[in-house]
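Chains A and B, in that order, are what the protein sequence lines are.
At position 693 of the first sequence (counting the first as 1) the number is 693 in the numbering used here, and the numbers step up by one without a gap.
Basically the numbering used here = 1-based index in the second sequence + 10000.
The set of hints was computed from the structure by calculation and includes no laboratory data.
Among the hints, a few may not be true.
[What the hints assert, rightly or not] Dumping the calculated SDA-like pairs for lysine to any residue here, alpha-carbon to alpha-carbon at most 25 Å:
| # | chain 1 | residue 1 | chain 2 | residue 2 |
| --- | --- | --- | --- | --- |
| 1 | A | Lys331 | A | Gly301 |
| 2 | B | Lys10177 | A | Asn414 |
| 3 | A | Lys525 | A | Val493 |
| 4 | A | Lys585 | B | Asp10164 |
| 5 | A | Lys181 | B | Lys10232 |
| 6 | B | Lys10208 | A | Asn1030 |
| 7 | B | Lys10145 | A | Ser325 |
| 8 | B | Lys10142 | A | Pro196 |
| 9 | A | Lys720 | B | Asp10200 |
| 10 | A | Lys701 | B | Phe10203 |
| 11 | A | Lys364 | B | Gln10352 |
| 12 | B | Lys10208 | A | Ala74 |
| 13 | A | Lys364 | B | Asp10272 |
| 14 | B | Lys10087 | A | Glu245 |
| 15 | A | Lys720 | B | Phe10203 |
| 16 | B | Lys10342 | A | Gln424 |
| 17 | B | Lys10178 | A | Gly362 |
| 18 | A | Lys705 | B | Leu10075 |
| 19 | B | Lys10365 | A | Asp363 |
| 20 | B | Lys10145 | A | Gly362 |
| 21 | B | Lys10394 | A | Arg103 |
| 22 | A | Lys347 | B | Lys10365 |
| 23 | B | Lys10195 | A | Arg655 |
| 24 | B | Lys10342 | A | Thr422 |
| 25 | A | Lys1035 | B | Glu10212 |
| 26 | B | Lys10202 | A | Arg725 |
| 27 | B | Lys10394 | A | Met95 |
Quick caveat, the model's predicted, so the values are computed rather than measured.
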Amino acid sequence: MFRIRSLIIVAILSISFALTAQDRDTEKRTPATRIADLLAKMPARDAPDLEKLMQEMAESGEDGLISITGMITAPGMGDDSRIRYAVNGFSNFVMENNGLRYRQMCERAWCKALAGTEDKEIKAFMISQLQIMGTGDAVESLAGYLSDERLCDPASRALVVINTTEAGTALLKSFSTASGKILISLAQALGDIRNPDAEESLAKLANSGDINTRKTALYALGNIGMEQSADQLYTQAKNAGFAFEPSRATAAYLLWLDRTGEKGNIKLLKKQAERLIMECTGENQVQTRCEALALLVRYTGEKSLSRLLAASDAAGIEYGNAALSLSEGLKGEKVTAAWIKKGARLKDLPKAGIIRMLGNRGDKEAFGFIVASLNDPSREVRLASVISAQKLGGERSLSYLLEFINKADQEEVNCVKQALLTMQGDQVIPEIGKIMPRLEAGPKIAMIEVLASRRASDKLGLVMEQVNEKNPAVRKAAFNALSEMVEQKDLPVLFSLLTKTHEPENIMAIRKAIVSALQGVDTEKAKSEIVMLEMTRADAAMQPRFYAIFPEIGGAMALEVIRNAFATGSGEARDEAIKAFTGWKDAGACRDLYAIMTGHFGKDYQDSSFKAYVRLIVSSAFPADQKLLMLRKAMEVASVSDQKAMILESLGGVRTFTALVFAGGYLDDPVLGSRAATAVMNIALQDTTLFGDITSGLLLKAANKLSGSESDYEREAIRKFLAGRQAANGFVPLFNGKDLSGWKGLVENPVIRSKMAPSVLQKKQKAADDIMRKGWIVKDGILWFGGNGENLCTVKPYGDFEMLVDWKINPGGDAGIYLRGAPQVQIWDASRLDTDAKVGSGGLYNNEVNEKNPLTVADNPVGDWNTFRIMMKGERVTVYLNGLLVVDNIIMENYWDRGIPIFPSEQIELQAHGSLVGYRDIYIREIQQPEPYRVSSEESSEGFKELFDGMSLNNWQGNTKDYIVENGCIVFRPGNGGIGNLYTRKEYRNFILRFEFQLTPAGNSGIGIRAPLNGDAAYGGMEIQVLDDNADVYKNLEQYQYHGSVYGVIPAKRGYLKPVGGWNSEEIFINGNKIKVTLNGMVIVNGDIAEASRNGTLDHKDHPGLKNEKGYIGFLSHDSPVQFRNIRIKTME
Amino acid sequence: MERKDIKRRSFIKASLGSFALFSIVPRHVLGGSAYTAPSDKLTKAVIGTGGMGRGHFGYGGTPLVAVCDVDKGHLDLALSMAGPGVKAYHDYREVLQLPGVDIVHIATPPHWHGIIAQEAARAGKDIWCEKPMTRTIGEGIKVVKAVQQSARMFRLNTWFRFADIFYGLGTTVRPVKKLVESGLLGWPLKITINKSTGFDWKFYWSGKTDLETMTVPPELDYDFWLGPAPFKPYNPHRVHQTFRGYWDYDGGGLGDMGQHYLDPVQYILGKDDTSPVNITVDAPQQHPDACSSWRRIILTYADGCRIILDGENRDVEAAFIEGPKGKLYPGFRSDIPDLVRKLAGFPDTAPQITDFNESVKTRQKFALNESNGFRSCTLVNLAILAVKLGRELKFDPVKLEFTGDEEANRLINQPMRAPWII
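With the hints as constraints, model all of the structure from the sequences given.
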């Protein structure tokens, strides 16, 4: 881990001044090591990290950069991505402030690297790097590839970007001798770089018979824009019919025109553009004509006005409109005046177009002309005038528009309405109020709508007058406006209107207004009371009219009102009550809706109540487990496939494992399969904790069933998801839905069982199994206990686990789930009065010291299904019932022997307690129980002791922040704020250290021995290298850097590491000067440190630590999460 | 045949009046929002018939007359779905020269959008283009110029600015725009785009960093597929559904979703004619060929308005819009009491043309056109460049170039592989 030092010390440096220490350490590493270390850290985590790495890279010098590029491989010849990250990172780095001073060095290195490889794809990559950061200094190198079929294109593009005179010259030089594809690339590049010296040569090519040669040459001539190209480009464009064809001659000519204008040769531009306008009169030339006009306007400005005005006389909406759009951008009163004059002479559509343009142009001078045009005989003109008057005048146009509206037709009224709605200013509402009484029906309706849209409450009186209008359309508009304008004080009027109105649509509007006015009332209860009071005052026949208000209020009281109405009513009253239920806004109505959909009220009510039921569940705050139970209940009574589809669609938002499996059950359905697939995907991808074999199986199956426009995306998401996950410890079924496989009968209790002789137990088990088969049966995927018999027990014992199970009981029922052979998570009928059952199910019933009762009653009504999610870790239990937490991490006591804790592992049992109980969907996920690591008895007798028990870092000191314990291992996870290495608490002299380790790709760590707590262990003590030396980035290592080497001193034999990901076992033996390293049973180092360093060490560095007699043992990890476990040591005198 | 088509074309665009023709009033103003302009006479061709392109067959209600793809497999599938009489083409330039085509739909990968859009404009076609509009800022500038000079109609294929519920926001954009215009939230505003505010960045468009060279399948014209992009040896992961993971063709999840999310935000903020001046990024280092994920990008406008692209959903409490006077959350929830009622008193947002056929016939700009589409695509491209370069960028929204960053400026106009020209 020698390399970690530099970074850590850099960090320390910022607060101290131990500069020399860092220099010394860096110096000790060979360039190859430093580069290997650097590459191992690619790609950088973020910008500061990158900056640091690039600084290091810069310090490796030109030779370092070249050696890095030497590791690039051709595509498909090995993963060199870290190297490409480094090279590209460096190209980026030298283009920003902090790296700028290395730009020249980088350029030299890249040029040498470009010359130094034979592979053309690698060369192309290096050229792309020069395109990023190259300067004139790279021109010569790049020019060398301009005659190469593969590389001419990238090289010429790099030269275009470098864009120096020399680059242009180099392109032109190669151009003279080029042919074929190369010629085309160069012609294009000469155009891109706009080299005027190329004009003559390009002109020759521009008549070429080869389309691509002609195309690039014409483009180049156009882009260079020399005056002498004019005729050739014009002729070619004319031959192309001034339209598009693959040689792009017309585009080249237009580009030339633009360049001519840019260069200030306006006279030439004008002449050519006007000629083009004259000639392009054909139907398929209009776009070219428009372009010529646009160029003329761009470069001659106001002088093109006459041409624009004339365009309005030309045929064709496209050219005429182009002239208008161009005029919008041409500022000045003179232009306004000219267009007004023109507009005054025209009529109909042409005049309308001009008015619209004047509005967009924004010159207020045109306002007078525009409002005068509101009286134009042409409707098109009037419409345009409305829009432009508003745009130009804002509130100033208000009086004109309101005057106009009374003589306007319906389209014009709509247009004015739109204008008023978007108008700024506070006069709109008062002015509408003033004219309202005088308006005809059409405009009146529009103005009522404006008042409603603006919620002009102070004009409610005006609108109220209109509800009695004779004209039904006006009446309707007034009723519809009410809900936007009323307040609580208006309720009495509204209630009175409700009973007096006849048209059903207007009754609906009043109800909406009542709901709106009730917004000011605080509680649901208060709102219900207000409406109920009014309802009881009304005639019996009128009362059903009130029902539809209650679903909008919601809450228990409103529900009670409708429930009563439903129970007592008949005919229309009952219909209205059912409608009220199906329109309910909160989940309170679920039970009533279920009753309606399973009752016999006809197909329509079945369907509407079903849909309302599902809708309310989805939008409810019920926990996911409870939502699933309710949706499954609906699925049982879904009558048609679109109802089933609706359930499946809703399941996507119910992210539980059981929901996933339930949806998965429909994947093979020919009609519902793709809906099920979407549900499976939505559940699984959103909740990573559900992952396991069942989930991945369902996802794979779902991927094949997805259809629809997004399915390619979705399949890709599934693929990524699956690839990103290792086979996890997912849920497995405890009950297969068909028979009692995996289950056995109950023999005594665990204490007694453990004392039984195996033969006795076997015999008793057989008898118990016979009893089991009488008491427990499987029917339709449900496991039933009939009331007679004993507990049903899992064949397998379980330690820590998470368990899912659905259960249901009958009235008076009693049952439970035994955890680790002991009673029990309680199940009982919470409505029973003869016991303590009112506390609900889910509690740890037999606890005496610790809490036994559930936190809340979460039971569903007896006869409905319930879901338990039970977690047991150590002796503590957590239970969720129907998604609600009922037992919160409580210790479960041992019922069979209260003197001892609960057994560490035992069978799970479904209790038989004399009453009918059903179970389904039983799943379990085992959780690894951490067990302390202990040396084997054999090693113990040899004198080995644990240095790390897999649980705690008690024997360790130093960087305990970044070295953490995970799954029984010590892992390095940088970024937690720690500094340095992890060391033993004690010092060791002569010893045998045994341990196992697992590498990640390019993983890099080390074992320090006889090391001091401070300084670099590789030199201040000794380092036994730990390294994935097979990784690409380490291919240039020195022997004494291979895995197992005494770093820098004694090389190790290479090649005995297991493939990355496998666990290696290693032994380090050190006694006096003798050292031996054994990897996976193979001795890879066997040497004498005194002898090995007698004539200087292999790395020519000073290793004072070799003389240490004792010191600490340490882990010297950096960056990669190398894991260590089963660490034990034997000390020797 | 050709002659007849030309006549048909003149007829459509001349049938609105007897002589000189100008704009007419947009029909939606007159007919209400439900009004759909007749489309029976306009026709379309779809270029690029992968999954996206095939989705275009029904767009706009216009009949499809030609399809084009450089992969014969895609083309055959497209033909089988397209119905009788539709012609198939390998070379888009032939499609551009068909007189019977009014609207060209561009559904190729983004590295082709610029060229085809520009040439379609020069061919006198109106254009319906997939997002992101162009792969570089420079290509966008050229498309805007070509479309405007040749007086073509252009629409970008994202809908949220003017229709549809805006992802997880639970509302269309229109009332949000009105709220911002009302000033009730104050100024400047901060908009956060993350999962909590209704937008889930898709990060599975990451490229692979060590592609091996494979044989090009016979049905694919790979050289044509690459077109203006630098030559790289073929691997199937470069093309078709996974091309978004490579800088040469797109920009990962930003390329895919960026313009969908950002275009409405630009509209809401009233920034259709400008661009941010500062872009900061927090992302892992990017590979030279393959895009990967990013954590956070902040785009800041000159007036202090900011757009936060929160890739990690770090700001779980964030409002969609936050201003000094109030906040707006998904579902039009706000900390401003009685917001809906207060807002009603303010003027509505100006209407837009939301039927492309209407635009084509009246020659009035579509709601999401080359001009504002270019600006929102510039948001995407600024974000992509910041991720690619891994550093803060400063941008001049008038000159359309970066300040003090030569490398970033080199990426604005990237020379194309010959003989492809924009």
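*Are A:Lys364 and B:Gln10352 close enough, with their CA atoms no more than 25 Å apart?*
Judged against 25 Å, a Cα distance of about 23 Å means the pair holds.
*asked:* Does B:Leu10075 sit within 25 Å of A:Lys705, going by the straight-line distance between their CA atoms?
replied: Holds, at roughly 24 Å.
*Measure nothing beyond the straight line between the CA atoms of A:Lys1035 and B:Glu10212; if it is 25 Å or shorter, mark the hint as holding.*
Measuring from Cα to Cα gives roughly 21 Å; hence the hint holds.
_So if I understand the rule, the pair passes when the alpha-carbon distance is 25 Å or less; does A:Lys181 with B:Lys10232 pass?_
Given pair A:Lys181, B:Lys10232 holds - Cα atoms ~17 Å apart, limit 25 Å.
_Pair hint A:Lys701 and B:Phe10203, alpha-carbon separation not exceeding 25 Å_ = 23 Å, holds
*Holds or violated: B:Lys10365 to A:Asp363, with C-alpha atoms at most 25 Å apart*: 21 Å, holds
*Between A:Lys585 and B:Asp10164, is the straight-line Cα distance small enough, at 25 Å or below?*
24 Å, holds
*For the pair supplied as a hint, A:Lys347 and B:Lys10365, is the alpha-carbon distance within the 25 Å limit?*
Holds: A:Lys347 and B:Lys10365 sit about 23 Å apart, inside 25 Å.
*Is B:Lys10145 within 25 Å of A:Ser325, Cα to Cα?*
Holds: B:Lys10145 and A:Ser325 sit about 14 Å apart, inside 25 Å.
*Starting from B:Lys10177, check that the Cα of A:Asn414 is at most 25 Å away, please.*
22 Å, holds
_B:Lys10394 and A:Met95 were given as a pair; does the straight-line alpha-carbon distance stay at or below 25 Å?_
14 Å, holds
_Check whether the Cα positions of B:Lys10342 and A:Thr422 lie no farther apart than 25 Å._
16 Å, holds
In summary, this structure violates none of the numbered hints.
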